[in-house]
Amino acid sequence: MDLHLQDIHSLAEGLRRREFSALELTDTLLARLANRQQELNAFVTVTADLARQQARDADARLARGDHHPLLGIPLAHKDIFCTRGVRTTCASRMLADFVAPYDATVVQRLRQAGMVMLGKLNMDEFAMGSSNETSHFGPVRNPWDLSRVPGGSSGGSAAALAARLLPAATGTDTGGSIRQPAAFCGVTGLKPTYGRVSRYGMVAFASSLDQAGPMARSAADCALLMDAMAGHDPLDSTSHPKAAGNFSAALGRGIAGLRIGVPEEFFGEGLDPEVATAVQAAIQFFAARGARILSVHLPHSVHAVSTYYVLAPAEASSNLSRFDGVRFGHRSEQRSDLMELYCQSRYEGFGPEVRRRILIGSYVLSAGYYDAYYRKAQQVRALIREDFRRAFAEVDVILGPTTPTPAFALGDKSTDPVSMYLADIYTIAVNLAGIPALSLPCGFTAQGLPIGMQLMGDYFADELLLAVGDAYQRETPWHQQSPKEFGL
Amino acid sequence: MSTEWEVVIGLEVHVQLNTQSKIFCACPTAFGAEPNTHTCPVCLGLPGALPVLNEAAVDKAIAFGLAINAQLHRQSIFARKNYFYPDLPKGYQISQYEIPIVGKGHLDILLTDGSEKRVGITRAHLEEDAGKSLHEAFVAQSGIDLNRAGTPLLEIVSEPDLRSASEAVAYLKKLHALVRYLDISDGNMQEGSFRCDANVSLRRPGEPFGTRAEIKNLNSFRFLEKAILFEMDRQREILENGGKIVQETRLFDANKGETRSMRSKEEANDYRYFPDPDLLPLHLAEERIDRVRVSLPELPDVRRIRFMEQYGLPAYDAQVLTAHRELADYYEQVAENLDAKIAANWVMVELLGAMNKAGLEIPDFPVPAGELRLLLQRMADSTISGKIAKEIFEILCSEGGTVDAIIDAKGLRQITDERAILALIDEIIANNPKQTAEYRAGKEKLFGFFVGQVMKASHGKANPDQVNSLLKNRLLSQ
Amino acid sequence: MDKLVVERIAYLSRMKLPAQEIPVVTEQLAQIFRLVEAMRAVPTEGVEPMAHPLDLQQPLRPDEPRTGGPQRADLLANAPEAQDGLFLVPRVIE
Ligand SMILES: [Mg+2]
Ligand SMILES: [Zn+2]
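Chains as they are written, first to last, in the numbering used here: chain A, 655 to 1142; chain B, 18 to 495; chain C, 8 to 101.
No lab work stands behind these hints: they were computed from the structure.
All figures in this text were calculated on a predicted structure; none of them were measured in a lab.
Where is the CB? At the ideal position from N, CA and C, for every residue including glycine.
Keep in mind that the hints are not guaranteed to be accurate.
[What the hints assert, rightly or not] Chain A is faced by these chain B residues, among others (derived, beta-carbon under 8 Å):
id, residue
1, P58
2, L61
3, L63
4, P64
5, L67
6, R97
7, P103
8, P106
9, G108
10, I111
11, I161
12, R289
13, F291
14, P294
15, D295
16, L297
Chain A with its partners taken away, still in its complex shape (with noise of 0.2 Å):
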């Protein structure tokens, strides 16, 4: 029975009727994982004890009748996500050491949940990178050519998922960090509407950018995680009252009569034809079964990686003043004073592109050029998101290209910044405006890249992108494929 190669809905069935336990199936993950690990770099850090006392529990759980849908699955998290007693590390010198007294809420919803967490995924530094190379624990590589990026930030995710290591996982996206990566890995991932998932414990990039969501094979077992994962969180101010949902219950609508929007500006210059071509099929495929296909206009949404690089980096500038070397994290041998304990420690424990961001975000704010470059991102914000509304006016969802190309090659891009940013030219807009959108397969390159599409929904239209997802997976073959040498 190959384990490995079952999805989260499969796996639950299987504990059900107790064809194994979550031990066996937790210790069959941990024995892959150890084997493959090496030459993927997917975990920072494995918790297989952690991991084998949780898998116990949520035996003793099944035993006495509990079936929660995802008692017993195993799962890892993004080493963004808080985990008391286990270290979080950011993908980051500055955390490399460093055991949160506490767990995020999201951590904690998917525990009692009953998931069993196999430990800490890879990224790319404080999620900062679309290549997953600015990890400081390295970077991760991707499952269908080892000379590829997973894409980034949440690159550990996608690929682990990819590779069948695990058959869930939790992701944050920003501009696109979990889409990105699902699209260059073949795998599922949502980005909800800001709000519906507790920030409290992830560690802050951008905040009012940052969502946390879940990745995993099938918009199906995405569903499955949401229904866990959002919820009001008292916790966080942002978290919004009627965040939970029940995503799963909504599965199972037809297409017909769905009206799919496909803007313009996703499909011109810069786009990979074969990734064009993937994603005119997946458009066929809607009208074909009576999805009315319109025509949209998101005429700002140029303007989104620009306006993505004035206001991420103001914000992450200031989150990131916490790491000071005082309380937590990395603090320098030199520091004869202060200032040098601080500028130091701060410069040895981020990585160039971290401190680059920051640079870029004091300078935006500082005097002089708040208004000309802050303030104005503010305002073309305003304008990406009325974009948005007015499209949702006349569409249910936005169907594109996820990313311009497919995987990347390593170190292709990771000297030059500009190029890298614009890795997340389709998927920036949507963490402007705040609206939920999904990454799902829609084919292979002729090299056997994986090629993603994203489906965009207006504010709270998460329950209806899974739905559509569900529907397209139903009857297409992208998502079930796995690379040759991990899906055996």
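Once you have looked at the hints, place chains B and C with the ligands on chain A.
Chains B and C with the ligands only, in chain A's frame:
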């Protein structure tokens, strides 16, 4: 020459709000705990921790805004003030910048010449306090205690309307009394619950404002006065020698009574304020404002006028008695159904004198209002004389106890039995034949001598009015 | 974007900026701000700046002090240097 300078002063006052828990987390605010025991992931600024606003801090800010007739912003914004300091855990202070909760208002102060002056209040905003750096216990190191970090502050910024050190002190005292009236702060200046920075500049009257210096760390009314006077001299000297005032932050050194530059710390600050993305706009619902309005206590100015009308007190008495909420409450308990002016005199002279001598405030003062009231009652119903009353008050202050118990234990009850007083009078007349003869011969000045002798013989307990009339009768009837 | 500006923001950010890195960092930042130029040309007159995706009001917490929560020992466990319940730093000079 020097008389031509006019001083321009504006005050920024940081008031710690007396909430139970901190402004953005549930840690207790109690003073004096073991270091870092009142901390949590939020107020330590641990990665991933997020702020949630305390509603009591909001209500107390609203109460203040209503009390100074300010415009309350129905939508205010929390902003981050970014700077690095070891007692500032997140590397930024959550404060309010562009739109504070409390907008323009005013406070009326009474000047020494009896006139009133209206002082503008620019704004009052909510923010979090920082922690403390301790230097004593370590060599070349400082210890950081973050118990105070996250305590709610209301920063109250005045207009530059104050024109002398004494005006500044009067304003600060009035503000201090107000926050205690409102019960939004304990106002404890020693513990830092009420701290003041002063912006001081000089100008020729009628000219635009001069360059100002900001003086920090003024934690008493006296220090505020001294610092301003010092700063006026310092700036005058510079200006009269043709120099220029540097805009800077200065620290008041209480030991030397002077201010000195803190230029090193202030160098090249750029706080990069921006709206805190972890917090949403603070909306004030009308119901919330109304709820606070209904719960407001009677404010000092209203109470002062009521004291003049209800108790018939002179303006000065009403002003002194309403300067502090506890004192006014105390007075009202004492004065109930008694002669209001006598009660006022007792509270202002005896009580305030004794409090001053003992260095105590009303809550710690050993004589409760009810006991003083009883004392005055015993005086009014002639159980004791005024002189005895003062003696009893002193006993109450030093030893405690109750009025009636002291009267009984020490046998201080006034002698009003006519026969007993007459017996004393007859004895005195008999023992002083010479003085009696002189009095009867017309030397009326000697009457006082006889009164004194009778009072002395009664150990001060004879009713003086009775002594007067009985004695007069006896001396005249031969 | 020039050397002086970069040095100033590095100072504000309390991050060391070694002399040999200044030219590279300056050029990278200049590139990023060239990317941002087009956005700055978007007409935005009268547009309300958007600070946040949610049109919600700040929630309020009841004023109740916590009773549980992590202990001081746990909270100080990550401190690079601590003694007697205090975080230690090089002497703070006022
Ligand atoms: Mg302030
Ligand atoms: Zn706290």
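Now for the hints, and whether the structure bears them out:
1. The restraint placing P58 (chain B) at the interface with chain A holds, with a minimum CB-CB distance near 5 Å, inside the 8 Å limit.
2. Given hint, L61 (chain B) at the interface with chain A, holds; its Cβ is 6 Å from that chain's nearest Cβ, closer than 8 Å.
3. Checking L63 (chain B) against chain A: minimum C-beta separation of about 7 Å stays under 8 Å; hint holds.
4. A least Cβ separation of about 4 Å between P64 (chain B) and chain A falls short of the 8 Å threshold, and the interface hint therefore holds.
5. Hint status for L67 (chain B): holds, given a least beta-carbon distance of 5 Å to chain A, under 8 Å.
6. Against a cut-off of 8 Å between C-beta atoms, the interface hint on R97 (chain B) holds, since the closest Cβ of chain A lies about 5 Å away.
7. Satisfaction of the interface hint for P103 (chain B) is found here, the shortest Cβ-Cβ separation to chain A being roughly 5 Å, below the 8 Å cut-off.
8. Interface restraint check for P106 (chain B): the shortest CB-CB distance to chain A comes to about 6 Å, inside 8 Å, so the restraint holds.
9. This hint holds: G108 (chain B) has a C-beta 2 Å from the nearest C-beta of chain A, less than the 8 Å allowed.
10. At about 11 Å, the closest approach between the beta carbon of I111 (chain B) and any beta carbon in chain A exceeds 8 Å, and the interface hint on this residue is violated.
11. Given the 8 Å rule on beta carbons, the hint for I161 (chain B) holds: about 7 Å separates it from the nearest Cβ of chain A.
12. Interface hint at R289 (chain B): satisfied, since its Cβ lies 4 Å from the closest Cβ of chain A, which is below the 8 Å cut-off.
13. Proximity of F291 (chain B) to chain A holds as hinted, the smallest CB-CB distance being about 5 Å (cut-off 8 Å).
14. Among the interface hints, the one on P294 (chain B) holds; its C-beta lies about 4 Å from the nearest C-beta in chain A, closer than the 8 Å criterion.
15. Given the 8 Å rule on beta carbons, the hint for D295 (chain B) holds: about 5 Å separates it from the nearest Cβ of chain A.
16. The restraint placing L297 (chain B) at the interface with chain A holds, with a minimum CB-CB distance near 6 Å, inside the 8 Å limit.
Checked against the numbered hints given earlier, this structure breaks only hint 10.
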